[in-house]
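Enquirer: One-letter residues, chain by chain:
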Amino acid sequence: GQQVQQSPTSLVLQEGENAELQCNFSTSLNSMQWFYQRPGGSLVSVFYNPSGTKQSGRLTSTTVIKERRSSLHISSSQITDSGTYLCAMDQNQGGSAKLIFGEGTKLTVSS
Amino acid sequence: GGIITQTPKFLIGQEGQKLTLKCQQNFNHDTMYWYRQDSGKGLRLIYYSITENDLQKGDLSEGYDASREKKSSFSLTVTSAQKNEMAVFLCASSIGVNTEVFFGKGTRLTVV
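Taken in order, these protein sequences are the chains called A and B.
Take 1 as the starting number for the first sequence in my numbering and just add one per residue.
Take 1001 as the starting number for the second sequence in my numbering and just add one per residue.
Hints should not be assumed to be uniformly reliable.
[What the hints assert, rightly or not] Derived pair list, reagent style BS3-like, types lysine-lysine, alpha-carbon separation capped at 27 Å: (1) Lys1057/B x Lys1022/B; (2) Lys1009/B x Lys106/A; (3) Lys106/A x Lys1105/B; (4) Lys106/A x Lys1071/B; (5) Lys1041/B x Lys1022/B; (6) Lys1041/B x Lys1105/B; (7) Lys1057/B x Lys98/A; (8) Lys1041/B x Lys1070/B; (9) Lys66/A x Lys1070/B; (10) Lys54/A x Lys106/A; (11) Lys54/A x Lys98/A; (12) Lys1009/B x Lys1041/B; (13) Lys1022/B x Lys1105/B; (14) Lys1083/B x Lys1018/B; (15) Lys1083/B x Lys1071/B; (16) Lys1041/B x Lys1018/B; (17) Lys1018/B x Lys106/A; (18) Lys1041/B x Lys106/A; (19) Lys66/A x Lys1083/B; (20) Lys1009/B x Lys1071/B; (21) Lys1057/B x Lys1083/B; (22) Lys1071/B x Lys1105/B; (23) Lys54/A x Lys66/A; (24) Lys1057/B x Lys1018/B; (25) Lys98/A x Lys1009/B; (26) Lys1057/B x Lys1105/B; (27) Lys1070/B x Lys1009/B; (28) Lys1071/B x Lys98/A; (29) Lys1105/B x Lys1018/B; (30) Lys54/A x Lys1105/B; (31) Lys1022/B x Lys1070/B; (32) Lys1071/B x Lys1018/B.
The hints are simulated quantities; they were obtained by calculation from the structure and are not laboratory data.
Construct the entire structure; sequences and hints are all you get.
Expert: Now the structure itself:
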């Protein structure tokens, strides 16, 4: 089965609504990272979040390593937030450089 | 800050052709990666290099070769292009293992 499960697969919001994206991991992890990708665009690192809560503007990430989960909260969503949000985990194997990705949550924010 | 430059941005090749994708980073990062992204799917690791002169296979290495020419550059070769491997190839780098990873803008490969 998939090691990184993201939910929901897609999300449609009205501008101003909040979004909650989830990422669950089936194995132990060393750290994890959230990325944002516009259609046809590159991956932009949103949070590198080994554990705990981090905030940047309207975005908040909370990772609980022991429970193998992470969430990304977007408050007061804007049309420019539309795109795909990918989470990836760094496996807890010494020396391994392997990031394992989920399949992403496609967010659409409309006016 | 730094930047990861991938060339070319778009690559069109013939089936069976050997094709090379290039990646340069000026972060002075030790670790570099090549990922493949298929439409609507997550990323899969092809090759990575922990330090200069190191080369490690990822999950998708069959049909590819890689070369870490120097610390700042990492190239990927598609040994015999197939129509089913049309995808975006993303290069990335990080200071070391288990650290934040940064991505380039990608090379979109089309095989005709």
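Enquirer: Which numbered hints are broken by the structure, listed smallest first?
Expert: 4, 8, 9, 15, 17, 19
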